[in-house]
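Start from chain R and add chain V according to the hints.
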Amino acid sequence: MKLALKLAYRNLAGAPLRTFLNVFVLSLSFVMIIWNKGLLSGWDKQARRDTINWEIGGGQYWHENYDPYDPFTIEDSHTELSQAILNEEKLGYVTPILIAQATMYPQGRIQNVLLKGINPEQTILELPSSYLNIDIDEIPVCIGKRTAEANHLNVGDYFTIRWRDKNGTFDAAEAKIVHIFKTNVPAIDNGILWIPLETLRTMMQMPDEATLLVTSQEKESLGTFKGWIFKDHYYLLTAIREMIEMKSIGGSIFYLILLLLAMLAIFDTQVLSIFRRQKEIGTHIALGMTQKQVVGLFTVEGAMHSVLAAILGAVYGIPLLGLQAVKGWTMPVGTDDYGFTIADTIYPAYSLALVLGTTLLILITTTIVSYIPARRISKMKPTDAIRGKIQ
Amino acid sequence: MMKIIIYAIVLPIILFGQNITGDEILRQLDKNRWSKTSIVVSTMKINGKRGTRTITSKTWMNSEDQSFTEYLSPARQKGVKMLKLGDNLWTYSPQADRTIKIAGHMLRQSLMGSDLSYEDMMENNKLIEAYKATVTGEEIISGRDCYVLELSAVESNLAYQKRKLYVDKIRMVVIKEERFAKSGKLLKTTLTEEVMQLAGRWIPKKMIFKDVLSEGSGTEFIIDEIEFDVEIPQTVFSKASLRK
Numbered sequence: 001m002k003l004a005l006k007l008a009y010r011n012l013a014g015a016p017l018r019t020f021l022n023v024f025v026l027s028l029s030f031v032m033i034i035w036n037k038g039l040l041s042g043w044d045k046q047a048r049r050d051t052i053n054w055e056i057g058g059g060q061y062w063h064e065n066y067d068p069y070d071p072f073t074i075e076d077s078h079t080e081l082s083q084a085i086l087n088e089e090k091l092g093y094v095t096p097i098l099i100a101q102a103t104m105y106p107q108g109r110i111q112n113v114l115l116k117g118i119n120p121e122q123t124i125l126e127l128p129s130s131y132l133n134i135d136i137d138e139i140p141v142c143i144g145k146r147t148a149e150a151n152h153l154n155v156g157d158y159f160t161i162r163w164r165d166k167n168g169t170f171d172a173a174e175a176k177i178v179h180i181f182k183t184n185v186p187a188i189d190n191g192i193l194w195i196p197l198e199t200l201r202t203m204m205q206m207p208d209e210a211t212l213l214v215t216s217q218e219k220e221s222l223g224t225f226k227g228w229i230f231k232d233h234y235y236l237l238t239a240i241r242e243m244i245e246m247k248s249i250g251g252s253i254f255y256l257i258l259l260l261l262a263m264l265a266i267f268d269t270q271v272l273s274i275f276r277r278q279k280e281i282g283t284h285i286a287l288g289m290t291q292k293q294v295v296g297l298f299t300v301e302g303a304m305h306s307v308l309a310a311i312l313g314a315v316y317g318i319p320l321l322g323l324q325a326v327k328g329w330t331m332p333v334g335t336d337d338y339g340f341t342i343a344d345t346i347y348p349a350y351s352l353a354l355v356l357g358t359t360l361l362i363l364i365t366t367t368i369v370s371y372i373p374a375r376r377i378s379k380m381k382p383t384d385a386i387r388g389k390i391q
Numbered sequence: 392m393m394k395i396i397i398y399a400i401v402l403p404i405i406l407f408g409q410n411i412t413g414d415e416i417l418r419q420l421d422k423n424r425w426s427k428t429s430i431v432v433s434t435m436k437i438n439g440k441r442g443t444r445t446i447t448s449k450t451w452m453n454s455e456d457q458s459f460t461e462y463l464s465p466a467r468q469k470g471v472k473m474l475k476l477g478d479n480l481w482t483y484s485p486q487a488d489r490t491i492k493i494a495g496h497m498l499r500q501s502l503m504g505s506d507l508s509y510e511d512m513m514e515n516n517k518l519i520e521a522y523k524a525t526v527t528g529e530e531i532i533s534g535r536d537c538y539v540l541e542l543s544a545v546e547s548n549l550a551y552q553k554r555k556l557y558v559d560k561i562r563m564v565v566i567k568e569e570r571f572a573k574s575g576k577l578l579k580t581t582l583t584e585e586v587m588q589l590a591g592r593w594i595p596k597k598m599i600f601k602d603v604l605s606e607g608s609g610t611e612f613i614i615d616e617i618e619f620d621v622e623i624p625q626t627v628f629s630k631a632s633l634r635k
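Those protein sequences? They're chains R and V, same order as listed. Take the first sequence: its position 93, counting from 1, is numbered 93 in the numbering used here, and each next residue is one higher. Take any residue in the second sequence, note its place counting from 1, add 391, and you have its number in the numbering used here.
Same shape as in the complex, but just chain R (with noise of 0.2 Å):
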């Protein structure tokens, strides 16, 4: 193996420019396989963490017939709180929302909204629900910075609101911009008007009601209230899940034709070398390498370029990557609107499994590759191989 290793680095330094195409190459593969997984995983961390924190909590309870995909269910989705989840709700443990349909008239123009209602003092999600506690004539509201641009509001604007409350009876009332908040989370942004839950009751004539509950990181769930239904992390992440892997699948694609043009590369240097070098092998038969021997010559010859390949990679890429790892990746303008929850700025995030993974991937196919051209040498004669001659 000694001698395999040094016959191989000998040959690989005596064609150096073929050489190092061919690992510059591969190189490539290595650091963008490298950087678009870590890019991936930082967003997907970065998704989950502020979902969790804006969103979703530790889980959620809905209405059991809450479905935020179905407009139609929402009317019908809010009941009264039992007397356990209000003693929850007093330790801190869960946020009630309630949700109902409305529209708003910003500058005259008719926008369909979803009214939630929230307790301004609630602590369980990062939205800046305290804004709203204030003592104003209008309805105090709390929007995302989308939903501020889609409809030119500003702190301070007026608009107002109509809406029916559960008898179908139409109301209306002036409502007024009290802070606008930014996040990553579109989903709890885009036409959305956060107001007092209180507030929201009263309109609605839904004193006590709920049409979902966020319960605090540290309980998650809190057993089982009849009428709701437990919603854990799993599930309610499974948006963020199967996009990253969509994702994931879409980078495969262009980090596989880098990685297949470097293959390409290093089978052709394999059929040339074996082809060329027709000589050298029946001297090393000659000398008494079995054939065996030679192949495993000229496999692991090929199969080095991953191992220079791995180390040129650490030499640019580890920089590279190690500044994008702190700078991170800034998304483009108007990515957000995208609805997804991406930041600005991905921070990509390599871990020790991703490095070892891609190295080992990428040193397995290069084995396989110049293992395949190599297999000749095992039918060839070792007397024509000598003298040369073209088999």
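Note that these hints are calculated values from the structure, not bench results. Virtual Cβ for every residue (Gly too), placed ideally from N, Cα, C. Check each hint, because a few of them may be wrong.
Computed list of lysine to any residue pairs in SDA-like fashion (alpha-carbon distance at most 25 Å, straight line) [unchecked claim]: (1) V/Lys422 to V/Gln588; (2) V/Lys492 to R/Pro68; (3) V/Lys596 to V/Ala631; (4) R/Lys166 to V/Lys596; (5) V/Lys576 to R/Asn184; (6) R/Lys327 to R/Lys166; (7) V/Lys576 to R/Tyr105; (8) V/Lys492 to R/Leu114; (9) V/Lys576 to R/Leu5; (10) R/Lys292 to R/Gln107; (11) V/Lys440 to R/Asn184; (12) V/Lys576 to R/Glu75.
Now the stretches of chain V that chain R is said to cover, found in silico as 3 or more residues with beta-carbon under 8 Å [claimed, not checked]: (13) 565 to 577; (14) 594 to 607; (15) 611 to 621.
Beyond 12 Å from chain V on every Cβ pair, some chain R residues (computed) [to be verified]: (16) Phe170; (17) Ser252; (18) Leu321; (19) Gln324; (20) Ala325; (21) Thr345.
Just chain V now, with coordinates in the frame of chain R:
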């Protein structure tokens, strides 16, 4: 003698005019509004920021809570159909060849971009059954002498708890209407600009609907043709007729 005759004719009119109750006016309005069946060809002019759109349609109505509408123009809306059966509403789009049930928040959306919402179309109740009316005064609106009526809902499940009607004293037609939110905020107005007499009853011919909270100069609704108490096959008021 002449004086007696004059008093005999005028006095009851004056007395009747003074004593007429809100409920009696509502009854007369309902009588004018409702018929067993009717077929209406109408034009809706939607005055928006980017100009005026004109939509024509033909509606078949049966009793109080069944109607079938087919849009005739413009080309974009042609063939769109709408069926109302009680509290249910379906629309059919020929482009998509799909029937959609309009429910929940969709009912709040504007009808073809007009100042009317789908739920405005869903009103089934007779005024006398839904509201208690009080005559609060008299006013001249569009040159017509009108009773001013304040309506308050009998039940709590009506879309509008308060309404104000300005009713032509002679023709018993609503000249102006204001619909209020529970808080008292004015939400919608209707102004009758033209009336016509048909089969012994006065009905509005041209009305302007306005969502007071939104911008724009309102939606004009003009009745081009109307027929009362005509035979309409029951099959018209079925979901199957949407795709025909």
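Check: Can you list which hints this structure breaks, lowest number first?
Finding: 3, 4, 5, 6, 9, 10, 11, 15 and 16
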